[in-house]
Structure formats: structure tokens, C-alpha cells
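Visitor: So you can see what is in the structure, the chains are spelled out below.
Number of protein chains: 2
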Amino acid sequence: MDVRGYVEANAREFIDDLKQWLAIPSISADPDRHGDVGHSAAWLASHLRGAGFPVAQVLETGGLPAVYAEWPSGNPAAPVVLVYGHHDVQPAEPLAEWDSPPFEPVERDGRLLGRGASDDKGQVLLHSLGVRAALAASGAAAPPVTIKLLVEGEEESGSEHFADLLRRERERLACDVIVISDTTMWAADVPSMCTGMRGLLPVEVTLTGPVRDLHSGSFGGGVPNPVHAMASLLAGLHDDQGRVTLPRYYDRVLPLSSPERELLARLPFDEKSWLADAGHSGALYGEQGFSTLERIWTRPTAEVNGMWGGHTGPGSKTIVPQAAHAKISFRLVADQDPADVAAAFREYVAAHTPDGLEAAVTVQPAVRPCHSPIDSPAVQAGRRALQRAFGREVLFTKEGGSGPEADLAEILDAPLVFIAVGLDADQIHAPNESMDITLLQRGAEASAYLWDELAAAGIK
Amino acid sequence: MDVRGYVEANAREFIDDLKQWLAIPSISADPDRHGDVGHSAAWLASHLRGAGFPVAQVLETGGLPAVYAEWPSGNPAAPVVLVYGHHDVQPAEPLAEWDSPPFEPVERDGRLLGRGASDDKGQVLLHSLGVRAALAASGAAAPPVTIKLLVEGEEESGSEHFADLLRRERERLACDVIVISDTTMWAADVPSMCTGMRGLLPVEVTLTGPVRDLHSGSFGGGVPNPVHAMASLLAGLHDDQGRVTLPRYYDRVLPLSSPERELLARLPFDEKSWLADAGHSGALYGEQGFSTLERIWTRPTAEVNGMWGGHTGPGSKTIVPQAAHAKISFRLVADQDPADVAAAFREYVAAHTPDGLEAAVTVQPAVRPCHSPIDSPAVQAGRRALQRAFGREVLFTKEGGSGPEADLAEILDAPLVFIAVGLDADQIHAPNESMDITLLQRGAEASAYLWDELAAAGIK
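Residue numbers (my numbering), protein chains in the order written: chain P, 1 to 460; chain Y, 1 to 460.
It cannot be assumed that every hint is accurate.
Heads up, the list lumps identical chains together, so a pair's fine if it works in one copy or across two of them.
[Said to hold, decoys possible] Pairs of lysine to aspartate or glutamate, EDC-like flavour, derived with a Cα cap of 20 Å:
1. 272 with 213
2. 460 with 375
3. 272 with 294
4. 272 with 355
5. 460 with 176
6. 317 with 204
7. 460 with 410
8. 19 with 8
9. 19 with 99
Hints are computed from structural coordinates only; laboratory data are not their basis.
Just need the whole structure built from these sequences, with the hints factored in.
Guide: Dropping the structure here:
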């Protein structure tokens with residue numbers, strides 16, 4: 001029996017299993033559901049043991065439990081592949097907007113509807129079916145690579161204990177490549193792989209002038225106004241090309257290769273509907289010389305997330321405000337280092353603080369950017385697996401946001417490959433989250449092919 | 001008996017009268033004290049009748065009462081002088097910080113201590129003594145000019161009904177010159193006259209982008225951020241010379257004459273202690289080419305009083321904010337017109353709103369600037385009166401703030417002359433307001449000389 005035949009023959013049982021799992025409301029952000037996060041971990045470990053994984057166990061983290069499973073290769077020289085996903089889910093509110101209860105999964109119009117169907121239980125469980133399909137097709141007793149599964153239970157609430165877990169379990173989790181199954185592809189008929197995520201550096205800056213608000217009739221025009229200085233500081237963060245003006249900001253930014261740009265440009269991107277999704281009637285905007293997708297995926301930014309100072313209530317108050325504040329987040333791309341950027345920001349603030357004002361900068365915990373070169377053997381292997389499953393060329397995307405993936409790559413010191421079959425249409429984090437059942441099966445097929453492709457890719 | 005002799009001989013009675021008046025807590029901002037504002041008006045009208053004013057009456061305004069008094073000149077061809085002051089006072093809180101109860105006036109170290117001693121009851125009542133001193137010295141039965149007194153009861157709570165009162169009573173209040181007795185002079189040994197007050201135009205601007213906050217990972221760098229645009233808009237309000245960049249902003253600003261600059265420069269101004277008053281450890285700042293006093297008195301400004309947008313709470317929130325807001329007040333100088341400046345601000349905002357954002361501007365009620373040229377006959381007459389009272393040269397100041405004076409000048413169509421003997425040291429609006437008793441007597445003397453000087457000045 002070939003892979004597709006096995007997946008189709010076992011699809012019914014797979015969907016029923018997934019529905020069992022989806023019925024457990026493993027909401028990590030809700031303390032009342034922490035017991036359910038435990039039940040979810042226990043369910044998965046039990047399921048994986050039933051699927052044939054020689055090792056499958058709940059992993060305590062100090063917070064909510066993860067699940068660890070391992071299926072060693074028959075070939076001790078084979079590479080080790082670690083698959084990352086998570087079994088906790090987003091809260092389901094507002095409940096009234098669901099067409100059916102979020103934790104009573106149902107099939108409808110070829111989709112499986114329920115919280116976690118796409119993010120991330122469906123995309124985790126497809127590997128269980130994929131491994132069995134690969135073994136059924138090859139007739140081997142063990143996969144061609146050693147498979148390790150690490151399924152986190154706190155992803156939707158900040159992955160608080162995840163980096164510590166990785167450090168503590170570094171030996172057990174040692175691997176040659178990390179497969180991330182927690183993203184999306186472009187469209188059902190445009191399969192794609194994510195090849196990077198932007199990092200994040202949140203900072204806050206305060207400029208302080210007088211010890212109290214001053215009467216602008218008596219002092220206005222004669223002393224520096226912290227709000228004016230903040231406006232200039234923020235306005236100066238970008239030049240007239242839309243480039244960020246921090247010193248050395250672009251020094252470590254990896255340039256886009258011509259093949260990358262060409263492949264990105266082939267994605268059927270409708271800027272108008274993207275703007276409409278943003279509720280923006282207006283215009284595109286950004287760094288000159290780059291397309292919108294390049295801007296939001298491949299270029300670092302400086303975004304002011306909030307600012308405030310002086311009188312913000314009703315009516316007018318004629319003051320020179322005592323202080324002004326801003327919260328700024330830098331989206332970083334490989335190989336920018338958050339610590340370098342934080343230092344550059346401090347330099348920038350010092351250079352833009354007028355005489356007579358005091359500046360204070362605080363730097364919050366950062367997320368590193370991550371990047372999978374499209375010509376790397378592991379990415380090429382993943383691409384071939386997806387192409388075999390979908391029967392068409394796989395393109396490349398990136399994600400503008402940030403997750404725990406960079407910690408995985410950094411702490412386990414292995415390259416990332418993103419294999420996912422979720423879609424934006426799945427409405428993850430929103431009411432009526434669902435997952436296309438056909439895409440789940442394609443994902444299981446891609447998983448089945450992936451082990452062979454990685455075994456042959458020379459990544460060890 | 002000469003003027004000084006009369007003032008000294010009647011000082012005791014004058015101070016005792018003033019203490020009676022100060023005992024009435026005429027706090028216009030406190031509804032519980034509105035009855036006392038009425039008592040204060042009645043007290044003053046009665047006092048002025050007793051002093052010899054042929055007309056002295058309470059004037060209903062629709063709000064709290066004013067007092068109107070009139071003493072016609074013996075010479076029907078003489079000019080008409082309207083004196084403005086107010087009989088309401090600031091609230092006295094915090095009461096615990098007063099050395100003696102605010103409405104139980106006491107004399108201490110040559111000062112009269114009590115709410116309203118300087119602002120403005122003392123400076124109103126000195127004219128009653130001044131008129132009588134003039135008559136005693138000349139032996140005439142009527143003053144050399146027709147004197148009208150208009151003493152408002154709502155100055156400390158916004159003069160809500162004042163402009164309407166002026167319009168309604170325009171004929172009765174008709175005059176050739178307006179004497180304002182509600183400001184300060186530089187120092188006890190540096191007598192001075194105010195020659196202008198800055199106007200005020202408060203505006204608010206909002207820049208709106210998407211219909212909701214956007215995820216900065218998904219949209220950051222690809223759509224315009226209203227906070228960035230607001231920062232640029234605010235930063236662009238001043239050029240690198242500290243000049244305001246609104247179109248036509250300086251077109252109607254009266255230039256400072258050389259004598260004005262020279263006289264301002266002769267004021268013994270200690271920038272260091274002024275900065276210390278502001279609680280500013282830091283540097284001076286402002287429009288290049290002007291001294292600090294010129295900046296805060298004679299030059300128009302644009303001051304951002306408040307701004308806000310996006311996330312302003314604890315922690316970070318990675319959004320492209322939906323909107324940004326700013327409150328700005330323009331301090332105006334003669335002959336700027338608030339309506340012109342409001343139109344210029346709308347033009348400026350339109351020119352600084354990037355494609356894809358919407359701008360909305362609201363304009364709040366404005367105060368016009370006022371200005372008394374130092375070489376005008378009325379100001380010269382006032383200066384001579386003060387110089388005779390103080391026996392030394394009188395310098396010129398301005399005020400950076402704004403009051404109802406511009407309404408007086410505009411509606412009654414007469415020039416302003418500022419005659420006042422208050423000091424910054426009087427702590428008006430604060431606990432322990434007080435007034436130097438010797439300066440009150442000098443003020444009464446100046447008032448006595450003022451009628452002769454104005455009669456001789458050819459201002460009719």
C-alpha cells in the first residue's frame with residue numbers, strides 16, 4: 001500500500017481520534033483549564049504510544065506539561081529530526097459567535113470545526129498518521145530517521161517555561177533538523193513553506209523635562225517641551241526612504257537573493273484585499289525598493305506601538321508637559337542581534353535628547369529572528385515532500401511575527417524547516433476555527449514523505 | 001494737601017475698608033460661594049457710593065454680578081477712562097498651607113495677607129483712594145476725566161458672561177482708553193507696565209489609519225502608522241531655528257522695535273532662577289535670535305500640550321495603532337488673528353497627512369492677543385503717572401498668558417493701559433496670597449496722577 005492509500009484508508013480513524021483530542025479544552029491562558037491541559041498531554045502521549053512510538057511521555061516543565069515522544073530509526077547513522085508543535089489552544093471567547101460549541105468538534109463541508117483544529121492539534125496529529133503511512137509504504141519496522149516529537153503546552157500563553165525546558169533537556173532533544181508544524185501555507189492550491197520569522201525587540205523611552213507640568217503662558221517658547229522632543233525622536237526613526245535610522249541597523253540584515261525575491265513575487269498576493277483585511281481604506285506604505293510582502297516578511301522595522309504625554313483628557317490644558325513616553329517595537333530579521341539593536345537604540349536616544357531633558361530607556365525581553373535558507377538541504381527535502389503530497393510546485397513565504405522557534409534553533413543548534421498545511425482561512429485564534437480535512441490528509445502524506453527525503457538529504 | 005499726603009493720611013481707613021472686603025469669600029468657581037460673590041459686589045457698590053462716585057451699582061450679567069461705577073468729569077470734553085478689575089477670587093485650598101485663615105485678613109511685616117489682597121481686590125480698591133486723592137490735591141469737585149469702573153465677578157472662573165456683557169452695555173461702557181488693574185510689575189524697586197498679553201488658540205488633531213489596532217507582525221512596515229505620522233506632524237511644527245512652520249504664521253506679527261528690545265533687556269532677569277522656578281535643571285530653549293523674555297512675551301509659539309495613541313498601559317503590545325491624537329495650543333501675539341492661524345493649521349495638517357490616513361482637526365474657543373504700543377499717548381501717560389508715584393524710571397513688561405483684556409479692547413474699541421502694582425511674590429492663586437501695603441499706597445498715588453496725565457495726553 002502506498003502512502004496516499006494508507007492515509008485515505010486510515011483517514012476516518014484519524015479524524016475520530018483528532019475529534020477526541022479537540023474535545024479537551026486545553027486553554028493554557030485560563031487557570032480553570034489547566035487540568036484540561038494536563039488531560040490533553042496525557043491523551044497525546046497515550047495516542048502516540050498506541051501509534052507505535054516506543055517512547056511517548058508527558059514532560060513536566062514547571063508550568064503546563066509538554067509531551068515528548070521518540071521513534072528511533074532502524075539506522076543508527078540516520079539523522080535525527082525533532083518535530084515541534086503545541087497541544088494547548090487559544091481561549092474560545094466570544095462563545096456566541098461560534099456556529100457550534102468550540103469543544104464539540106463537528107465535520108461540515110469538508111472541514112473540521114473546533115478550537116485547535118488547525119492551531120495546532122490537527123497539525124501535530126498528522127505526523128502520527130504520516131509516520132505510520134511511511135512505515136506501511138516501506139514495510140520497514142522503524143522510520144528512516146530518528147523522529148522526536150516535542151509538543152508544548154504553553155505556546156498560546158507565552159511559552160514561559162519553554163526555553164528553560166530546551167536547555168534542561170538539550171541532550172535528549174539533540175537533533176540535526178527541527179520541523180516546525182505550527183504555521184500556514186499560502187492557499188489550498190498554492191502550497192508553500194515558511195522560511196523565516198521576524199524577531200522582536202520591545203523598548204520604552206521616556207523624556208523628562210521640568211519636575212511638573214508648566215503653565216505654557218509663562219514658560220511656553222522658553223524651555224524645551226518633552227513632547228516636542230519625543231515627536232522629533234520618533235519622527236527621526238525613519239528616513240525619507242522609510243528606512244530605520246538607528247546606527248548599524250542594517251549591517252547584519254541578510255540580503256534577499258534573486259531566487260528568493262523571484263519566488264516571493266510569484267505568490268498570488270492581492271494587495272487590495274490585504275489592505276481591506278487591515279480595515280485600511282488607504283495606501284500602502286513602507287521601505288522603498290521593496291514589495292509589500294518583502295516589507296512585512298523580510299525587512300526589519302521600527303514601529304511605535306504607543307506614545308503619550310501631557311494632557312490627554314477632554315478640553316484643553318495649556319501646559320508644557322512634564323514628560324513624554326513611547327513604546328516602540330523593532331521587528332528584526334536574520335542575522336540581527338536584539339542586543340546590538342538595543343545598544344543602537346540607546347545611542348540614538350542619547351543623540352536625540354535635547355539639552356535640558358533627561359532620557360530613560362528600558363528594554364524588554366526580545367525574540368530573535370529565525371531564517372531557513374531556501375537552498376539548504378533540509379528546506380529542499382521538506383519542499384520535495386510537500387511537492388510529492390500536493391503534486392505541484394511549492395513556493396516560499398515568511399512570517400512577519402515572532403514565536404518560540406528562534407529559541408529552538410538557537411538552543412538546540414539545528415536548522416528549522418517549516419512544514420504546515422494550515423491556512424489563513426482557518427480563523428485560528430477566532431471563533432469558528434476549522435481545518436480543511438483534505439489538507440490534513442495532504443499534510444499526513446507530506447509527513448510520510450518527509451522522513452525519506454530528510455534521510456536522503458545528507459543533513460547529519 | 002498733595003496726593004502723597006492724602007494717601008498717607010487715609011491709608012489706615014483704606015486698609016481697614018479693604019480688610020472688610022477681603023473677608024467676603026467671593027470664590028466664583030465655588031457654587032456654594034456664589035452668594036458671597038453677590039455680597040462682594042454689593043459691598044463694593046456701597047463703598048464706591050460712599051467714596052463719592054455719583055453712580056455705583058451692581059450689574060447683573062446672567063451669571064455672577066459685576067459692579068459698575070461712574071464719576072463724570074467736570075469737563076464734558078474730557079476723555080473717558082474705563083478701569084477694569086475683578087472682585088471674585090480664587091479658591092483658597094489647600095487651607096492647611098495658609099499661615100492665617102484666607103478670609104480673615106491680617107497685616108504682617110508690612111503686607112496684607114488674605115485671599116484677593118493682590119488679585120484683585122487690592123488693585124481695584126486703590127483707585128477709590130486714588131480718585132479721592134486727586135480731588136483733594138486739585139480741590140476740584142470732579143475728576144479731570146470721566147472715570148468708569150467695571151469690576152467683574154467671574155474672572156477667576158472663565159469670564160463666561162463677560163464678552164456678552166460688554167456687547168450689551170457697549171454704549172454705557174464707551175471710553176477712550178481702558179486701564180487694566182489686574183497684572184503685576186517687575187519688582188518693588190523696578191516698577192513696570194505690562195504692554196501686551198499673548199492670545200491663545202487651542203486645537204486638537206487626530207490621525208486615523210486602520211479601523212482597529214493591527215498586529216505589527218502581520219502589518220508592521222507595510223501600512224502607514226498614525227503615530228509615526230503624528231510624530232512627524234508635531235516634529236515639523238518647528239524648524240531648526242525654533243520658528244513655527246505654519247503658513248503665513250509670522251505675516252501679521254508686529255516686529256519688536258529697538259526701544260522695546262532695549263527696555264526689555266534692561267529688566268533684571270535672572271534666567272537661572274527662572275529655570276529653577278520651572279523645576280528645570282536644564283537648558284533654555286526657543287526661537288533663535290530672541291532672548292528668553294522676548295520668547296515668552298513677544299513671540300508666538302506652538303506648544304504641544306498633550307499627545308497620545310496606541311498602547312499606553314504596562315508592558316508591550318505589538319500593534320500598529322488605529323489612531324493618534326494631539327492637543328496643541330498656539331500662543332499668539334498682536335496682530336495675529338486666531339481665525340487665520342486656525343485656517344493655516346488646517347492647511348498644515350492636510351499637507352502633513354500621508355496617503356492612507358485621515359485627519360480631523362477641531363478648534364476650540366480662542367483668545368485674541370492684545371498689545372499696547374509703548375510710544376502711544378495713553379501708555380506714556382500711564383508711565384508718567386507711575387514714575388511720579390515711584391520716583392524712578394518705569395520699564396515695560398508683557399505677559400505670556402491670556403485673559404479677557406483682548407475682548408475689552410476689541411469690543412469697546414479702545415487702547416489698553418496696564419496699571420498694576422502686584423508682584424510675583426504676592427503668591428496669587430496660591431496659599432498665603434498677600435500684598436505689600438506700601439505698594440498699595442504707591443498704586444493709589446499713581447491712580448491719582450493718572451487722571452491728570454490722561455486728561456493732558458490728547459487721547460480723546
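Visitor: Each hint needs a verdict: does it hold in this structure or not?
Guide: Outcome of the hint check:
Taking the shortest alpha-carbon separations for residue 272 and residue 213, only the inter-copy value of 18 Å comes in at or below 20 Å, while the best intra-copy value is 45 Å. Taking the shortest alpha-carbon separations for residue 460 and residue 375, only the intra-copy value of 16 Å comes in at or below 20 Å, while the best inter-copy value is 93 Å. For the homomeric pair residue 272 and residue 294, the shortest alpha-carbon distance inside one copy (16 Å) is at most 20 Å, but the shortest distance between copies (53 Å) is not. Taking the closest pair of Cα atoms, residue 272 and residue 355 come within 20 Å of each other only across two copies (15 Å); inside a single copy the shortest separation is 46 Å, beyond that limit.
In this homomeric assembly, residue 460 and residue 176 come within 20 Å of each other (Cα to Cα) only inside a single copy, at 6 Å, whereas the closest approach across copies is 99 Å. With identical chains, the CA atoms of residue 317 and residue 204 are at most 20 Å apart between copies only, with a shortest distance of 11 Å across copies and 26 Å within one. Taking CA atoms no more than 20 Å apart as the test, residue 460 paired with residue 410 passes inside one copy only; the shortest distance there is 17 Å, against 88 Å between copies. Taking the closest pair of Cα atoms, residue 19 and residue 8 come within 20 Å of each other only inside a single copy of the chain (17 Å); across copies the shortest separation is 101 Å, beyond that limit.
For a Cα distance limit of 20 Å, the shortest separation of residue 19 from residue 99 inside one copy, 17 Å, qualifies, whereas the shortest one across copies, 78 Å, does not.
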